[in-house]
Amino acid sequence: MARMKFLCDAERCIECNACVTACKNEHEVPWGINRRRVVTINDGKPGERSISVACMHCSDAPCIAVCPVDCIYNTEEGVVLHSKDLCIGCGYCFYACPFGAPQFPAVGNFGSRGKMDKCTFCAGGPDVDNSAEEYRKYGRNRLAEGKLPLCAEMCATKALLAGDGDVVSDIYRERVVSRGFGSGAWGWGRAYPGAPS
Amino acid sequence: MMFCPTEICLDRIYPILRRIQTGTVRPSIVAGYALFAFVALASVGATDGYGQDKPTGAEKSADAKSTPNENQEAHANLVGHGGPVKSVVIGQESKRALTGSFDYSMIYWDISVKPPKILSRIDDHNGAVNVVRFLPGGKRAISADDDGKVSLWDLKTGKRLHLFEGHTAKIVDLSLSSDGAFAVTASWDRTARIWHLKSLKPGPILKGHHGPVNASLFSKFEGRSVVYSASYDGTIRRWNFQTGALENIVYRHGWGINVLKALKDGAQLVFGSLNGARGVVNPAKGTLIKNFPRLENPVLAMATDPNELFVAFGSAGGKVQVYTTSNFTLVEELQDPYGPIFSLAFAKYGVQIYYGGLDDFVIRWQVSPRKPFESLSSRYPRRFQRSENLSLGERQFARKCSICHTLNSDGANRAGPTLFGVFGRRAGTLPGYSYSSALKNSDIVWSEQTIKQLFEEGPEHFTPGSKMPLQKIANAKIRDALIEFLKEATIATAPKDSANTNRGRRNNDKK
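Top to bottom, those sequences are chains S and B.
Just so we're on the same page, the numbering used here is the position in the first sequence counted from 1, plus 1.
Just so we're on the same page, the numbering used here is the position in the second sequence counted from 1, plus 2.
Hints were generated in silico from the structure; no laboratory data involved.
Each statement offered as a hint is correct.
If you want a taste of the chain S side facing chain B, the calculated C-beta under 8 Å gives, among others: (1) Pro63; (2) Ala66; (3) Val67; (4) Pro69; (5) Asp71; (6) Asp86; (7) Ile89; (8) Gly90; (9) Cys91; (10) Gly92; (11) Tyr96; (12) Ala97; (13) Gly101; (14) Gly115; (15) Lys116; (16) Glu134.
Keep in mind it's a predicted model, so treat the numbers as computed, not measured.
Even for Gly, the Cβ is constructed at its ideal location relative to N, Cα and C.
Build the full structure now, drawing on both the sequences and the hints.
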């Protein structure tokens, strides 16, 4: 079984925000919510880098550990999904997510927050695949249609890669080999001091 | 009723095994445990291993509530909340405690007696209580909640002295100045705010963070009072206490910072982060002077003892680590396999730690000397995590409703009122529950039809202004199954009024 992964190649991302727009449009994400965003470091300065960030579908997702209603789960393909039927909008998952993936619409009761919304890796939710109910709550289930996430498909420079982790890493490895030593993942040097960044 | 001995033993073996795996267990514990396991196996009978009668099928089925048990009380756990505990603080001389919970309440405890006694339970909040603090002297307390409001309380009368309003999102941290004259709050509306607790007026708003503010505190810098804040944007900032102006971005961690404390009169700042990193910063130079080994999960809680000899961290993965503050050496650690750790507090000068997580109770852990047998207070799955062998309707209740409601006449201090006898009851009329004014003035009578409407339209439309979170059930089959289950379970269950004498009573009960 494939393990789905995102990878954003900071050497290629040009901060066009097409991934953000594609996601918003494909899933009819409500006002005030962005499932994906582009973060730029050192904007306008030497060494500027941009990366597209959304839920990273962690293998050992901390959001799952803190949810008081156990509404977040891993699929067999390694995608982290949640049930909006179960979610009560408490916000604990936001507290635990390093990537700021969980978003909360400001509507309704209970501290004026709605149910959590986040990137689904275009894999819908626990409702019947490609049903109207699933689309209304979670957006399109492209994985069930045999397609990959639209954000990555729309990426003009192919900075954003999505799919089977083995395939994604093969593509990225090829790029790094071709570009030469030191062109690996952005932030590598920060994560592993002494290594080339 | 017999209970599987394997299950009992695994409950106890698991934490030991975890400690063996992590290399933190002493050989004597293993040997001692073997003897204990033998005794446990030999004595298994009609109890569930916690000294409590195993619930009958009907009770378990109808309620799925976590009953406080004798074992917990014997271990001085704080049993009384009806939801996850987000904040715990211990008063001077470790005689009193305050806890704040998802169940919209703050509980004032006497922890000098065994089992700990609830002195009062204050549930007049409109959202989950995220932070509670004693004011100097211990006679007043302050709480902040999901509703973005700060309440000042008289602990003797349980009356609210003042309500501070201004934040537009939940408040997740609150810190007091050393004289108790000021409070600073950190909110997910991306601001921190200072409040004058004597004049009862709002102070400066600290604006500038680019993400939710997770921590705030008063401290000293170059001999004067300042405020520090830490945010999801990964920065620690220093603010002018009088004007609220940003003085400096003290440190950029990159990853979001969840918790922040000052040591040595402001000479050091300790932080814990979303990526599991923890460090000590010199605020004058903005440099990292200690980098702790990274935890595998986000750091959600931190505490220091009153003498600042120890600092403890709690993670989303259930790990608690205690370090000395003199040379930042790890002295003890605990792995609660059913984490996370939302709240931490030292007691008895660092000898004990109280911690809260997803359970309805606060666990007391004996840090030093470690006990040879550390029984596991949490149970898994919790009532809201069950999914096995349940009918469709019962499963809906367990997963969607039981975090806030019981089916017994004992409401168990949960965030919502008990559903016992809900059919035919007028909304907002159950004695003892602190309803929102929206429901108090409602003319809805709960019936099959109105409950159906509630879940068809959602509480935000059917009962706007109530405390109930968004909860729609669009699927008619699932909705009907839940209603059918409720029709039986809310009538058939026997009342258990006297089941929990240690539980706090709703304020309204006393009125």
